[in-house]
Amino acid sequence: MTETTPGSAARFPFFNESTTPAGGEGWESMYPYYLVPSEETTEHENAQFWFADTMHWSRGCHPFDSIGAEAVYLGVGTFSTRIFALPVSLGLDVRVVNGYVYISPLGVEDPARIQERVAIFQERAGYYYANWDELYGKWKTKMEGAIDSLRTIEFPRLTEYDPAEVVMEARGRSSAMAVIENYHRLIDEFFSIWQYHFEFLNLGYGGYITFFQFCKQAFPLISEQSISRMVAGVDVLAFRPDDELRKLAALSHELDLNPIIAGDSGPDAILAALAETTNGRTWLAEFEAAKDPWFNYFAEYGFTHDQETWASDLSIPLQGISRYAVKIANGEDISRPIERLREERDEIVDEYRALLTGDEARQFDELLGLARKVFPYIEEHNIYVEHWSHKVFWEKAWDLARFLVDAGFLDTAGDMFYLNRFELDMALFDVVDSWAIGVPARGKKRWQAEIARRRPIVAALQAASAPPAYGIPPQQVTDPFAVMNYGVTTERVQDWLGASDGATDKLNGIPGSLGIVEGPVRVLRSEKDLPLLQPGEILVAPITAPSWAAAFAVATGVITDIGGMMCHAAIVCREYGIPAVVGTGFATARLTTGQRVRIDGKAGTVVVLEPALETETATEAAPAVR
Amino acid sequence: MYIHEFSDPGCQDVREVGGKAAGLAQMTAAGLPVAPGFAITAAAYRSYLQTDGLQEFTRGVLDALGSGRDQTAFDDADRTISERLTGVPLPEAIANAIRAAYAKLCVDTGVDNIAVAVRSSATAEDSVGASFAGEFETWVDIVGADAVLEYVHKCYVSVFAGRVLSYLAEKEIDPHAIEMAVVIQKTVRARAAGVMFTLSPTSGDRSKIVMEASWGLGLSVVGGEVTPDRFVVDKVGLGIADRTLGNKIIEYRRGDAPVEVPAERRELLCLQDDEVVALATLGKKLERMHQAPQDIEFAVDEELPAGSNLILLQCRPETVWSNAVRKPAFDAGAGMMSWITGSISGATAVPAHTHDASHRH
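Chains as they are written, first to last, in the working numbering: chain S, 175 to 800; chain Z, 18 to 378.
Just so you know, these hints were derived from the structure itself, not from any lab.
All C-beta atoms in this analysis are idealised placements derived from N, C-alpha and C, irrespective of residue type, glycine included.
Do not take every clue at face value.
Unchecked claim - Straight-line alpha carbon distances no greater than 27 Å define the calculated DSS-like cross-link-like pairs of lysine-lysine that follow:
#1 S/Lys390 / Z/Lys302
#2 Z/Lys188 / Z/Lys171
#3 Z/Lys344 / S/Lys390
#4 S/Lys776 / Z/Lys188
To be verified - Computed spacing ranges between beta-carbons, pair by pair:
#5 S/Glu517 / Z/Ala47: 25 to 31 Å
#6 S/Ala503 / Z/Leu262: 45 to 51 Å
#7 S/Glu517 / Z/Gly324: 26 to 32 Å
#8 Z/Gln289 / S/Pro433: 46 to 52 Å
Said to hold, decoys possible - Short derived list, chain S residues pointing at chain Z, Cβ under 8 Å:
#9 Ile294
#10 Phe295
#11 Ile383
#12 Glu525
#13 Tyr526
Just chain Z, with the same shape it has in the complex (with noise of 0.2 Å):
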């Protein structure tokens, strides 16, 4: 089985599909908007690896690092493997799905030759507990079929990136405990994107969702090359309670390269109201889903109607004060009449957690 589409239950497995696309599978099966895609399973990886003694090969060059575990031994191992992969074309069964699962894509969305993003989504074997976000590439606007072949190929290939090879080392990881799944979908057309958590990042308030967004894609937000737009609803009654309009300069109209936002754009909020409610009203579901807060990426399609434009990218459980310990305003211990005493005295309560909230994407 090489192919799941996000609404196959088998594509909620994240053995087989990754936890990006697993993602993607929950979400559609909860009805929550995600750009329409299927997956490529681990199974098309495994396959692809033991065509033409693939693996051996990879294996006898790492084994062959010995204790040489420097940057430089990793690129050397990196090209001469790249190099061999590159030569090895993915067998015709997987492309074939592959082909198919791309053609029924451009029906499906009505649009021929539909440009599509090519996602890693890694898996591993269930002894390895490590994530691996941000560590694989995302490739954006892949057009035709055997684009697509080709990048699927690339994204196989990433896995012996020298900069892996040493993350993974690092992790004392066998990099073939890693399975590359990959994600195939349809390429946003964002008018505006950005990302979402279901708390305040800067407080830790459960009680607000606080999104940012820019023009675009959401690469400007992401890599900190705007100041976005920022709203923060209320999560019981989904009132906005606050709007502040950031510095909106550069957008990625594609995935390549940032332009210049016009100035009279800039000056304009790039969610509408309704917007951030209908996207709030998303986040609250999510983090009702699994029970936590969660950090979520999304976008507004310009090809898609109002109404269905909302596309939700990713979502992930937020970390950063969901670990932290939360104390509860007074001492449990103590009476209620100490809470009181304590209150009318005007000893206003710290924060029982504070924590530099920044957090990476």
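With the rest of the complex left out, here is chain S (with noise of 0.2 Å):
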């Protein structure tokens, strides 16, 4: 264990300092050993410094979700170490404390290491760049292909006979061997679709870092907004969602459908009135034109079992056209001007161009030309893997669990998730092979039990906030992807450190979108809040997703616990023009709905303007330890 001496820097706890919640007790249980901090590691965990990766996992998760920290984790750690050979990065060391995922960057400090490293980086990340058009375009071949096959996976029931199909045919096995098959695809599948992810995301974002360094020396005040306005893609395929919610939302004042789409007698009562006129057919037929693929959008990132998505939810893209509506019914223009938006980005290159010449100058082309080939795939890779795979392998997760209940084997289809992946397939062996030897299950209540240990345990971790770090924080945060995609620079570790020291009335974060604004916050942990989002607020939340874009039609600035300035949360704000204060660290948990405070979205500061009506204090961070 590191001393930390008196006068040194502070440290955050170590997990085995952490303190579980009331009623988390015995939450080490639900998750596959080495997520779990453990006495064989503690040296190296001790040793590391570990941040809340509260940006995917905005609350503790099910046992079985983790099975997306272990896919994100193996796809970084994959091509960072072992794919691409990252010159000085390893892979981001991962573990689940008290239900909250928590992650470590490694570093290569061997010269001799990292030569070899540079070597074989030069050479594979070089093939890469060099044909990145073509080999995005085989990704995108690669990723449908991926989400077609989870499509096809099938839970066959159980029935008394096999169907005669087994016997006509002559398989010479039962249907019932694709339950187990099938289960196995949808993790392999899973875990496939996260190196994809990864086969291209640090390499551009290597490419944009660059630009971003160039921009830096060349001028070395320039605002982190000013340079990622000249890169950023104004019409891509991240925004189309939103797009396609202004564009029902203008057919529906065009048809003067706003009085049945802006009723708040739910969906189907909605949609059942639409179908009533030709005009609200006219309207159905669009919004179901719209709704494959661009609805299947997680409210957030889809990482959770339980997460709507826009077409499992209709209320949530009904909420938004509403929202748009309204706006234009008021008279705005509420269309995003891409036109007038091009044109400003390629004023403002044209005019950091001037002020350089010669090689200054032609490297600053080449940079901005590779940031630009590469921003597309960071703008657009949240769709294929986060939204649309995400939202076929919780359909198939869930008809799983289905089948469970089907097989008698659990009670509700949500019992299933409380189960690790690994416990699961114990679980699927178990229901398939007694139901083939004609038994009753021998797990049955076994699993139950453990389920109804495991529910109140996972309800004690989610309505607890995570700590935002544990560990040895380091001197300086220089892994560029920390600090690109998480927002974990070495100030906000500072931050995080003297949080405890009481300073509430304000709390800093990273600059995401220019302007200062003032007004009251509504703090939101989860998508299913948004409807009480009012007009004139400012959204609080630990993260947020691009869906929620109609709810930044009404928020007039948005505060986040995690995220760097491209983060999503901090790309759409700058599109739509609302100051954001991305990774806070605390802010929902600081800051209470109602609070009046004012942000500017250039310092990267959130000014608490008044206390909150509660004295309780907020914030459940484990102090620093000294």
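Put the two chains together into one complex, using the hints given.
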């Protein structure tokens, strides 16, 4: 264990010093052993710096849902460590602590090993940069193939006798074998998809960071927003779902359907009412056409089994449409001015370019070209992975859960997610095997008791929020990906360390999107609370996803717990011109709905203008250990 | 031709009116706001020195110095020459031209007996490549034609000041190669004034415009007698990136002596946001005109209405950063893959040019 001498930098608690929220005791037993801190790995864990990945898991995760933490960090690791050999970065180590996912960047320090990795990286990454567009084309094909493959997964129900085709087609094996096989395929495809995710991501960031560093060198005081505005794609896939809502809102206005669509009778009643008129049917046809694939869109990032997509909860897109429709009715122009945005972007680029000459100007051109080449992937890959793939993955997972209910093994489908993927594999085998033998499943009572034990544990974990970090903070956060994607910078880490010193009137974060705004906040812990957001309020959330865009039409500002200037909240806020401060670490814990704050999207600060009504200290962050 | 108004095309002839006046004329021609006024040309100075054998006299005194090149010798020469020059008034033709130009300035600005600044705008034969910035004096708040003539006369005499003679000797410049054009310009009644660089003087960042300003005339800023307010503006997009309140303890309401700034006004920024943006817009325009970063002095005139109260006093090329060799972020000889490798390896690029960015006005 590393000693912290008096006067040296403070550290965060170690994992073995963490406090489990009341009722959450015993959480360790729910996850695969390697995701849980252990005695065998304590020395390593206590030497590392771990920060909460609330970007992907904003709540404590169910045992089954921890598969995402495995898949994501398997993907990062293989591509960083083994495939492209990033010179100074290995993968991100991962642990689940009190249900929350924590990650830790691992660096390479041995100069000889770095040199070796440089050579491999330049050759391998060079191949990708040189053939980017062609390989990205292939990537889309691979992803579409993986999604299609997921779609073919079925869990045929167990019947008293196997279907006659087994005999007539002389298959020679039971249709029930497909249950186990398809469960494995479901898991394997999910891991594959997360491999593909990282095939391009770090290379994309690498291209972007290089342009970024060029700009920081050429213009030492340039703001991060100015750089990202030069690169920003204006017309990318990421904005399509929201664009669809705007189109449907415009059509609703045109066909005089606003009174129906803005109704609060629920999606079924609204759709039924629309089906009664000619105009309504015209609109419904467009609505149906937009649904697939554009409503296959999680309100967050789709890492938990209980998240809704727009398609599964039509009240989300309908609410967005209705919000836009009201704006149109008020005479507002809600169209995204693509032409104007593009012209603005080009003007900014021209002006900066004009300040450079010679080699600098040539490098600027080359690196801007590189950044623009890689940027579409950075903006678009979520649609394929986190939204389209995850939607099918969870659909199939739920189908499996219903299979277990139909087999009489579980009481309700949701119970399945209290088992981790290995436990589920055992249980499934038990179900199929017991069916084949002709006995009741041997583990039914055992697993139901375990699920009953876990239910209150998960509830307790989810009721608590995650401390932003554990372990020993680095002197400098140098991992460019931690900085770019998660917003974990040296300053942020220092803020987190100082957060228990009682300075509660100010939060520091990453400047996400320009502008200063004052107003009452609305703290939302989940997308299900989105309808509560009132016009003029500042949205406070652990993380926001692009699919929250319609809410941005209502919010006057956005504050998140995690995220860097490249996170989606920042990208989308810049797009919509709303001030945003991301990566504050504590906003959802510190702020209470109704409190007035002033956010400065340029300085990255949130100033609390009036104290919370209740005097409860909202922060559940672990105090720094000094 | 003894007089050029700033708007005369002839006023852009740097050889005849000196750099200061030519700069003001260029700015006027470009529609940039300068305090109204005119230049008295080098021809007037030449013609003065040809009066009563003055030039022969000065040449005689200087030649007599021989190898006696110490400060005492220069000061003696100064005394001898200035005694003689002071006794010889400006020729009638020149004096009349100046009186007429001053009268016209009063009419044009609508101010009787307008207070003006008399500023030396030295020029030199083409063979002399030196700059005389800071060598010659400026007098402000000169009121009435007689006083103007008196200070123009002083300006002529100042060419032979001991301090100047020793400076010229050091540079091996014949004092007779110098010709003194003079700028006569409305004294700016500065509510606030300061200096603007069209790059960041501390980092060399060309995408920023940085201004420092304080209450009253710019003397307090240039002389370092106050900590001015500091504003940083993005050259692209013209957003104000930073405002820092200074410590503005004194101000020059007139050119003579400073007065204390009342406590409540020290706490206020001396420029409004719209003024900062308007000034930055002017700075950007000047930089484009000159195709290089500029060092600009400005004032906000309290006698003039808002919207036309910003006055540019001076504009010259920035020299500290502009002359530094600029290296791109990455080795231009290496390929893009090596740039990317460096970037993702957290090798933070070291600024290619770091030096003390101190500067003089």
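How the hints compare with the structure:
Distance restraint check for S/Lys390 and Z/Lys302: the Cα-Cα separation of roughly 24 Å lies within the 27 Å cut-off, and the hinted pair is therefore satisfied. A threshold of 27 Å between alpha carbons decides the hint, and for Z/Lys188 with Z/Lys171 the separation of about 23 Å falls inside it, so the pair holds. Restraint check for Z/Lys344 and S/Lys390: satisfied, since their Cα atoms lie roughly 13 Å apart, inside the 27 Å limit. Restraint check for S/Lys776 and Z/Lys188: the C-alpha separation of about 50 Å exceeds 27 Å, so the hint is violated.
Between S/Glu517 and Z/Ala47, the C-beta spacing of about 27 Å keeps the proposed range 25 to 31 Å intact. About 46 Å separates the C-beta atoms of S/Ala503 and Z/Leu262, a value consistent with the hinted range of 45 to 51 Å. Checked against the hint of 26 to 32 Å, the pair S/Glu517 and Z/Gly324 passes, with Cβ atoms roughly 29 Å apart. As the Cβ distance of Z/Gln289 to S/Pro433 is approximately 48 Å, the hint placing it in 46 to 52 Å holds.
Of the supplied interface hints, the one on S/Ile294 is violated, with its beta-carbon coming no nearer than about 11 Å to a beta-carbon of chain Z, more than 8 Å. Checking S/Phe295 against chain Z: minimum C-beta separation of about 6 Å stays under 8 Å; hint holds. Satisfaction of the interface hint for S/Ile383 is found here, the shortest Cβ-Cβ separation to chain Z being roughly 5 Å, below the 8 Å cut-off. At a threshold of 8 Å, the smallest CB-CB gap from S/Glu525 to chain Z is about 4 Å, leaving the interface hint in force.
Checking S/Tyr526 against chain Z: minimum C-beta separation of about 6 Å stays under 8 Å; hint holds.
Checked against the numbered hints above, the structure violates hints 4 and 9; every other hint is satisfied.
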